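Could you slot chain B onto chain A? The hints should help.
Residue numbers (numbering that gives the first Met the number 0), protein chains in the order written: chain A, 0 to 208; chain B, 0 to 208.
Each hint can be trusted.
Below are the DSSO-like pairs computed for lysine-lysine, each with C-alpha atoms no more than 30 angstroms apart in a straight line:
(1) B:Lys116 / B:Lys51
(2) B:Lys145 / B:Lys116
(3) A:Lys51 / A:Lys109
(4) B:Lys184 / A:Lys51
(5) B:Lys184 / B:Lys54
(6) A:Lys12 / A:Lys51
(7) A:Lys51 / A:Lys184
(8) A:Lys184 / B:Lys51
(9) A:Lys12 / B:Lys116
(10) B:Lys184 / A:Lys54
(11) A:Lys109 / B:Lys12
(12) B:Lys51 / B:Lys109
(13) A:Lys54 / A:Lys12
(14) B:Lys12 / A:Lys145
(15) B:Lys12 / A:Lys116
(16) B:Lys184 / B:Lys51
(17) A:Lys145 / A:Lys116
(18) B:Lys54 / A:Lys184
(19) B:Lys109 / A:Lys12
(20) A:Lys184 / B:Lys184
(21) A:Lys12 / A:Lys184
(22) A:Lys184 / A:Lys54
(23) B:Lys145 / A:Lys12
No lab work stands behind these hints, which were simulated from the structure alone. Since the model is a prediction, treat every value here as computed from it, not as a measurement.
Residue strings, one per chain:
There are 2 protein chains.
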Amino acid sequence: MQTIRTTPSRAAKRVHYDEAIIHPILDEALFCTVSTVIDGQPFALPTAHARKADKLYIHGSVGSHFIRAIENGAPVCVSVMLTDGLVLAKSAFNHSVNYRSVIIFAQAEKVTNEAEKMEALALITDHLIPGRWADLRPTTDSEMRKTTVLAFPLTEASAKVRTGGPNDDPEDRDLPTWAGVLPLKTVSLTPEPASYCPDIPLPDYLQAD
Amino acid sequence: MQTIRTTPSRAAKRVHYDEAIIHPILDEALFCTVSTVIDGQPFALPTAHARKADKLYIHGSVGSHFIRAIENGAPVCVSVMLTDGLVLAKSAFNHSVNYRSVIIFAQAEKVTNEAEKMEALALITDHLIPGRWADLRPTTDSEMRKTTVLAFPLTEASAKVRTGGPNDDPEDRDLPTWAGVLPLKTVSLTPEPASYCPDIPLPDYLQAD
Chain A
0 MQTIRTTPSR AAKRVHYDEA IIHPILDEAL FCTVSTVIDG QPFALPTAHA RKADKLYIHG
60 SVGSHFIRAI ENGAPVCVSV MLTDGLVLAK SAFNHSVNYR SVIIFAQAEK VTNEAEKMEA
120 LALITDHLIP GRWADLRPTT DSEMRKTTVL AFPLTEASAK VRTGGPNDDP EDRDLPTWAG
180 VLPLKTVSLT PEPASYCPDI PLPDYLQAD
Chain B
0 MQTIRTTPSR AAKRVHYDEA IIHPILDEAL FCTVSTVIDG QPFALPTAHA RKADKLYIHG
60 SVGSHFIRAI ENGAPVCVSV MLTDGLVLAK SAFNHSVNYR SVIIFAQAEK VTNEAEKMEA
120 LALITDHLIP GRWADLRPTT DSEMRKTTVL AFPLTEASAK VRTGGPNDDP EDRDLPTWAG
180 VLPLKTVSLT PEPASYCPDI PLPDYLQAD
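Isolated chain A (complex conformation):
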């Protein structure tokens, strides 16, 4: 939704309020940065997340000051960025980045319903490693009590997307400098088994594509 806070001062043509653009970015990004204000000072925490419908879930320790501050109503800005490539122009000024980012302004809603809380933890686990949750022993009551789950409505969210090649000034285009895009990608490498169980077969969901 476009609000004063989600209206950028720069590059307005790159901004989107459509959930068909916002949701896939949140789903592809493994981590977000949660920023808040405590006693007038900014604090930021990178953390895992998961989205379901129009809610973003995070979790944390019940003992975390940061989690308690946002649980108690401190205003939050969640940011996510996927970096798809470095954009190399013929001038430094026209260098850019191909990215897909999302910003969410929200206040946390503490998830107290046990079923929703358990589902959110499953979503966060399976967001990082699809298929993992079903392979795990059940979460205990004690573990649940030690964990806070917070939901953020995606009402005031916006995406910003840049794609394509460099936009060089017309008078620079014939300079002999290479210009183009250096694509970036995050990949997973060969899984490394824990020292105490080196011989358990790798599950299907961790096999390379």
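For chain B alone, coordinates are given in the frame of chain A:
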């Protein structure tokens, strides 16, 4: 430096104040998230950066509201995270992430000295693409006037690092679930030349290792 703001409420054993740990994380991360407070509300902006000695530089448009707010003294928290791997334990609760993160609390210092400003832009460019700056036409006076460069002292900075395998509860270690680390890495793919100069040879600094 350890201050109230850089003292965590959780996982204190993972925190470091040593620049020999902080600096390489800032140097390896291509992007940071700059969080600030405007009218009591948190705002966050992912952006490129570069470090020299004990300063972190960012740049932005002179027309950006965000840049102007922090240029005018809004308090800032810069966060950086490198994700080295997903840590898979036998319980959801003991899942973790291998990461190296840095948090900096600071106020921006506007770089007004033209030589330092130009050097900062070169550092930011070469931080993303080492060797690029020397290949570019000189930055013009007009481009310099349109660009704000801000420096953050690294005085109040801390790093948080997790490495190694999962820490399962003793009673979980013999469960038949695979446990270990799924390493993550960001890689660059084949460079894609701009449509208007497809035939310029790829410079050495963009050749694959």
